[in-house]
Amino acid sequence: MIVAERKPIEEILELVGDAKKLLLLGCGECVTVCMAGGEKEVELLARALQLKAKVDSREFNVKTAVPVRQCDPEYLADLDRMAADADVILSMACGVGVQFLAERWADKWVVPALNTKFAGGTPQPGVWEERCGMCGECILHLTGGICPIIRCSKSLLNGPCGGSNEGKCEVEGDVNCAWQMIYDRLSGLGRLEMMMTVMPPKDWSQSRDGGPRRVVREDAQL
Amino acid sequence: MKSGSKLEQLFDQGEFCVTAEIGPPKSASSKGIIRHTGELSPYVDALNVTDNQTAIVRLSSMAGSVHILQAGGEPVMQITCRDRNRIAIQSDVLGAYSLGIRNILCLTGDHQSFGNHPGARNVYDIDSVQLISTLKAMRDDKQFICGEQMKTEPRLYIGAAENPFAEPFEFRVARLAKKVAAGADFIQTQAIFDVPRFQRWMELVVEQGLDKQVNIMAGVIPVKSVRALKYMSTVPGMSIPDELIQRMESADKPEDEGVAICAELIEQVRQIAGVRGVHIMAVYWESIVPTIVQAAGLHPRPAVRG
Chain A
0 MIVAERKPIE EILELVGDAK KLLLLGCGEC VTVCMAGGEK EVELLARALQ LKAKVDSREF
60 NVKTAVPVRQ CDPEYLADLD RMAADADVIL SMACGVGVQF LAERWADKWV VPALNTKFAG
120 GTPQPGVWEE RCGMCGECIL HLTGGICPII RCSKSLLNGP CGGSNEGKCE VEGDVNCAWQ
180 MIYDRLSGLG RLEMMMTVMP PKDWSQSRDG GPRRVVREDA QL
Chain B
0 MKSGSKLEQL FDQGEFCVTA EIGPPKSASS KGIIRHTGEL SPYVDALNVT DNQTAIVRLS
60 SMAGSVHILQ AGGEPVMQIT CRDRNRIAIQ SDVLGAYSLG IRNILCLTGD HQSFGNHPGA
120 RNVYDIDSVQ LISTLKAMRD DKQFICGEQM KTEPRLYIGA AENPFAEPFE FRVARLAKKV
180 AAGADFIQTQ AIFDVPRFQR WMELVVEQGL DKQVNIMAGV IPVKSVRALK YMSTVPGMSI
240 PDELIQRMES ADKPEDEGVA ICAELIEQVR QIAGVRGVHI MAVYWESIVP TIVQAAGLHP
300 RPAVRG
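From first to last, the protein sequence lines are chains A and B. Each residue of the first sequence is one higher than the last, beginning at 0 in numbering that gives the first Met the number 0. Each residue of the second sequence is one higher than the last, beginning at 0 in numbering that gives the first Met the number 0.
Chain A on its own, in the form it takes in the complex (with noise of 0.2 Å):
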């Protein structure tokens, strides 16, 4: 899933200004799983902003509403009402949410109130870790089943580095080194030869690098 986190109060505060008429949208779908966009996090930041506003003195009206996602305008056409309604609409979805709000409501003043991180899972309760570089040709069926695009902090084909050290990678954060994990895992299924192929160069134009990616299935559209 798309693992996202609230941005600091103070970033969210200066991001609404002086809407006089909020909406505060969430999403059901990745953020509500991460915990930064679903609907407790929402009623949290609608309260807050409310009780900042009255501190201030400020007229200031909230109103929310946790669509099962803000991806997919199917989901948004009963919005549309609330939308046309509020001054400024504050987004607690990743990214891609707030960009198909500020598309479907072009007139009206969309902001992020999450910074949309990765794609990752929950290896355990209460923590989040990216892997998958979303690269657009996978290769997970040659490195035992892990990433190097996305765990090795170099994107190395034919790593390990010069850097791994007792299992974690150079950088800072208590990363583990991505190929000591390809290692262990290749050697553990008694494929370690696999390790011995010169990987060639990657062609980077199946992912962000050759632009805005598009997937289109014509069995699906109208």
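It is possible that part of the hints are untrue.
Which bits of chain B does chain A cover? Going by a derived footprint, with three or more residues having C-beta under 8 Å, they are [said to hold, decoys possible]:
{"no.": "1", "segment": "29 to 38"}
{"no.": "2", "segment": "105 to 117"}
{"no.": "3", "segment": "156 to 165"}
{"no.": "4", "segment": "191 to 202"}
Calculated from the structure, these hints are not laboratory results. Where is the CB? At the ideal position from N, CA and C, for every residue including glycine.
Dock chain B against chain A, hints included.
Same frame as chain A, now just chain B:
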């Protein structure tokens, strides 16, 4: 003869080669490089120029290499994969050869978080193994990565680094084999302080016949103080025997002791089968290289024959 570089010719002659390193300045002046080249050239066979080492912006390794050439030295231009994509790298390789550079050392490059511009975009378009393959294809097949042919190919002597002490330990010989298979002509290792451990690695290397396929140079670093040595023991992949720390600690003149230790290390690694040279990394202490080379009995340097 793959490149005709002085370093290659000396290896071919069967000489025990000596190289050292120059770290370019964080400024637009070539004075230091030119001075060091003058001081060191009579004592070494070639001089490495680092490429924004530890991700700190310095005068470029290409420019540094040209300054060395113009000052009468033989450069080994280092290229990392951190800052340049394949377009820039291949372009630089063509440029380097056209300027007279004949040795290139291929490195992954320290992560930018170590340096003074940690917010910079991460490139690492290709890795060091792919870089070696690229140089080999350019030289031997006259081909770019995309497959297109070139008229005049860069005939370069291709170097790579290896760390015998890094992890996973069991994979370090295999990784060397991979670099050799990719096309490395010579190897410079990371600094050695633990000779027995290095010897064990070399035994595995010789067992696989890799020493016959690539010229391995043992890396050494002379230390000025016990503090410097103790700091090294905290660097990932470094293995420092206690005995050396004790020697530096109890030395009356630490700098002299550091030189003596370095010269001894050189003499020891020289005895190990498969070691074809030594690479002296006198970080911020380039001027000590002549002293070390003499103390290790490696001066005068041999000339290229015919």
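Verification of the hints:
1. 29 to 38: This one is violated; 0 residues, fewer than the three required, reach chain A with a Cβ under 8 Å.
2. 105 to 117: holds (count 6)
3. 156 to 165: With 4 residues closer than 8 Å to chain A, the segment 156 to 165 of chain B meets the three-residue bar; holds.
4. 191 to 202: Contact hint for the segment 191 to 202 of chain B vs chain A: violated, 0 residues under 8 Å.
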